[in-house]
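A.B. asks: Each chain, written out:
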Amino acid sequence: MPSIINEDLTQPGTHALIIGVSLYPHIADGDDPTPEGESFQLEQLSTAARSAAEFAAWLLNEYHSPKAPLRSLRVLLSPAPGEQLNAVIQALLPPAHAATRSAVEQDLVGFRAACDSHRDNVAIVYVAGHGVQMTKHGSVLLLQDFAKQGQLSRLQGAIDMAAVHAGMNHPGTAQTQFWFVDACRQKPAIARRFETLTGALALDEPNGNAEASPLFLAATTGSLAYGRLGGESLFNEALMWALRQAGAAEGPGGDDQYWRVTVTQLIKVLPDRVKALAAAHGENQSVDVAGKVHEATLHTYPKTPTVELHINLNPAAAQNKSQANLAQGNGQVILLNHNQWPLVTEVAAGLYTLSINATVPYHSQMTILEIKPPQCQTAIEML
Amino acid sequence: MAIKNSVTVQLKSSSYMLGETSPIEIRDSGFNLVKQLLRGQRAELDDGLYEISAVLEDGQKHRHLVHLQGGSQEEITLDAHEAMQTVRPPPQRVKLASSPAAESDHESILVFTAGAASDMDMASLDLDFEPSSGSAPEQGVPIELAESHGAVLKEKRTTAAGDSSWFFEPSPHLDSVPRADFLIQGRKITISLPVNPEGYYPLNACEVVTIMNAGALELRAWISHERTVASTMQHMLAAGYILHAARIASEAGELLRDKYQDPTGALLGALLLQKIGQLEPHRGWVRNLASDFDWLNDSKVLLALLLSREEAQQDEALTLALRASTKPMMFTESYSLLLDLLRRWPWPGRQDERHTALESLAMMTPYTNWDSMMFYQMNTLKE
Numbered sequence: 001m002p003s004i005i006n007e008d009l010t011q012p013g014t015h016a017l018i019i020g021v022s023l024y025p026h027i028a029d030g031d032d033p034t035p036e037g038e039s040f041q042l043e044q045l046s047t048a049a050r051s052a053a054e055f056a057a058w059l060l061n062e063y064h065s066p067k068a069p070l071r072s073l074r075v076l077l078s079p080a081p082g083e084q085l086n087a088v089i090q091a092l093l094p095p096a097h098a099a100t101r102s103a104v105e106q107d108l109v110g111f112r113a114a115c116d117s118h119r120d121n122v123a124i125v126y127v128a129g130h131g132v133q134m135t136k137h138g139s140v141l142l143l144q145d146f147a148k149q150g151q152l153s154r155l156q157g158a159i160d161m162a163a164v165h166a167g168m169n170h171p172g173t174a175q176t177q178f179w180f181v182d183a184c185r186q187k188p189a190i191a192r193r194f195e196t197l198t199g200a201l202a203l204d205e206p207n208g209n210a211e212a213s214p215l216f217l218a219a220t221t222g223s224l225a226y227g228r229l230g231g232e233s234l235f236n237e238a239l240m241w242a243l244r245q246a247g248a249a250e251g252p253g254g255d256d257q258y259w260r261v262t263v264t265q266l267i268k269v270l271p272d273r274v275k276a277l278a279a280a281h282g283e284n285q286s287v288d289v290a291g292k293v294h295e296a297t298l299h300t301y302p303k304t305p306t307v308e309l310h311i312n313l314n315p316a317a318a319q320n321k322s323q324a325n326l327a328q329g330n331g332q333v334i335l336l337n338h339n340q341w342p343l344v345t346e347v348a349a350g351l352y353t354l355s356i357n358a359t360v361p362y363h364s365q366m367t368i369l370e371i372k373p374p375q376c377q378t379a380i381e382m383l
Numbered sequence: 384m385a386i387k388n389s390v391t392v393q394l395k396s397s398s399y400m401l402g403e404t405s406p407i408e409i410r411d412s413g414f415n416l417v418k419q420l421l422r423g424q425r426a427e428l429d430d431g432l433y434e435i436s437a438v439l440e441d442g443q444k445h446r447h448l449v450h451l452q453g454g455s456q457e458e459i460t461l462d463a464h465e466a467m468q469t470v471r472p473p474p475q476r477v478k479l480a481s482s483p484a485a486e487s488d489h490e491s492i493l494v495f496t497a498g499a500a501s502d503m504d505m506a507s508l509d510l511d512f513e514p515s516s517g518s519a520p521e522q523g524v525p526i527e528l529a530e531s532h533g534a535v536l537k538e539k540r541t542t543a544a545g546d547s548s549w550f551f552e553p554s555p556h557l558d559s560v561p562r563a564d565f566l567i568q569g570r571k572i573t574i575s576l577p578v579n580p581e582g583y584y585p586l587n588a589c590e591v592v593t594i595m596n597a598g599a600l601e602l603r604a605w606i607s608h609e610r611t612v613a614s615t616m617q618h619m620l621a622a623g624y625i626l627h628a629a630r631i632a633s634e635a636g637e638l639l640r641d642k643y644q645d646p647t648g649a650l651l652g653a654l655l656l657q658k659i660g661q662l663e664p665h666r667g668w669v670r671n672l673a674s675d676f677d678w679l680n681d682s683k684v685l686l687a688l689l690l691s692r693e694e695a696q697q698d699e700a701l702t703l704a705l706r707a708s709t710k711p712m713m714f715t716e717s718y719s720l721l722l723d724l725l726r727r728w729p730w731p732g733r734q735d736e737r738h739t740a741l742e743s744l745a746m747m748t749p750y751t752n753w754d755s756m757m758f759y760q761m762n763t764l765k766e
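Residue numbers (this note's numbering), protein chains in the order written: chain A, 1 to 383; chain B, 384 to 766.
Keep in mind the hints are simulated off the structure, nothing from the lab. Be careful, since some hints might not be right.
As the list claims (entries may be wrong) - Simulated pairs of lysine to aspartate or glutamate, EDC-like, Cα-Cα distance not exceeding 16 angstroms: (1) Lys292/A - Glu458/B; (2) Lys418/B - Asp255/A; (3) Lys387/B - Glu458/B.
Pulled out of the complex, with its shape left as it was, chain A reads as follows (with noise of 0.2 angstroms):
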């Protein structure tokens, strides 16, 4: 399938590739179970092309990269009956867009000429579903035909995310690359049938390799991430939170001029807070970073991102003696003799001086306020 946006290589963008599965037909409980399909003790999902959808939506809608605009987008999406796909996404998709062997196979190729026709690309792989991790490198996706009736392997209805990783990471094609795979880690009774990969989808692999090429693999051993119905997976949502959010946003530096979302923060923040989502729900999921590392801007904000921001003064008797000066880095005064606690307000992300004037029998103070996306939430005790 071609990209669902107007392809230009003329000059250097960025390239993305998203794969999401939900459906599968030839499991147990699917339209057309196989034996073999029957034998790994699978389930539906029916979150999971959900999730790759809401990916590529704000890769089209909120993507920001002025040095590599989005100039190519594939999606490839197998939803379950019922599933919600974000309508814009759901709109641009042609009929055949479901992700079987042959459609992955046909859109890799396209991806791959895309990615190779510039050196200054970035290439953005993302890839949810059904997976076999066994190791902390490297990922097998499960598409929709796995399983099928006929198939000469095992892994013939499968994509290996590491081998067209390693074939994507060479000196020749996009150098700065992001790679999230969304998959869950099978049960070890399962994951140890798949110790060739024979038959899986892959590339070859060049020598060398690109400048920046992370790759996240989320893994769980639950079902419950991809479980919960009308959402998106934990590792989306962490995913989407860093983005959307601000949640993994850092200040300008380097070459950027904007706030951005770089490699090292990602590596920070996306473990964490897919580790506390799956905490939240009961469940124990990590995220491996494997790839090279290398920094690089995934994201940037055209403007700065704004901040919930809620101050609390303790004890609650200090709150009708004490006024509140809010005031930028620069001196511009936002908030001038506030006397409503909490403080709630939304201001651009920054340093600012909080001044609180007490009257007896508290002290006045001033500190310094260091408010970063997506929420500020503080409490500031007056003695």
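Given the structure of chain A, go ahead and fit chain B onto it with the hints provided.
C.D. replies: Same frame as chain A, but now just chain B:
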């Protein structure tokens, strides 16, 4: 013309090398990166609010917020030592509710003014500092050291809260990676011990501590703080600062490679360089590590990985990989690399040997704790 303020930043570090080479960032009130310094260097800054930060040897970003005005001249010290007594990067480092200090654990606020004194009290505000001890074992759960191999227990410490830690040093003669067996609630945990056979206590030691991970009591093994460079790399890696850790590995060449003061630290450095795609230039070092420290099994994996890329070296590479498959690993990363290397072996031949090795390694996979940096196996004991 406004008078510039002057700031000099000092880093307190146990290591001269770390103190001299750790980059210090200065960001203005919009979080724009305005200066990068090294220890002792001076920055001339306009009036305003600034964040001064560095990632230090505890693997945490330490920050000072300062308000400079009227030509003030200040010296700021970033110090990891106090926190080193108690703080370790825990498995869950970020809370769901983001905060202004979400990416940092250590922060202090200073307001420096020259000229007229402010009539307000200067406040120091802890912006959501969360002590990240990561050590919160369930009360009353007995943890017993059953046995150790290649290492001896030097000391066991128990805090008033009942948290225990075990300090190991290496046995005089090592023939494989040192490890210890612990019994916890009907489970046997075997964890590799990152000791150093080249030094005296505590320069040869490691510490095993308990943590809670996704609701389960687990163990983690840490290089002793006294092995400054190796400990710093481990803490930075654990905290998600892979590139910072790799920079240390790159800059600590003499310490890690030539003098062999700490082969386990050298191995960790090599793994970090491998992660950022910079190990190939150090092939000679890896070869020496593999030949001089036969017990340090992981070095064979790294050498095999490097040699496997060349057809002429494939036989030696596979021999190394097969040998490595028969003994325990120090780091989980090496185990993962070995599995992937054997599974995706790029050359034909010796298939039976690879298959046997893979089968043997795969037997351990279900019991491997992938969240642990040190190789970690957990078995349920039979009744």
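A.B. asks: Next step is simple, just say for each hint if it's right about the structure.
C.D. replies: Hints and how they fare:
Taken as a hint, the Lys292/A and Glu458/B pair is broken in the structure, with Cα atoms around 38 angstroms apart against an allowance of 16 angstroms. Between Lys418/B and Asp255/A the alpha-carbon distance is near 13 angstroms, which keeps this suggested pair within the 16 angstroms criterion. A distance of roughly 15 angstroms separates the Cα atoms of Lys387/B and Glu458/B; the hinted pair therefore holds under the 16 angstroms criterion.
The structure shown violates just one earlier hint, number 1.
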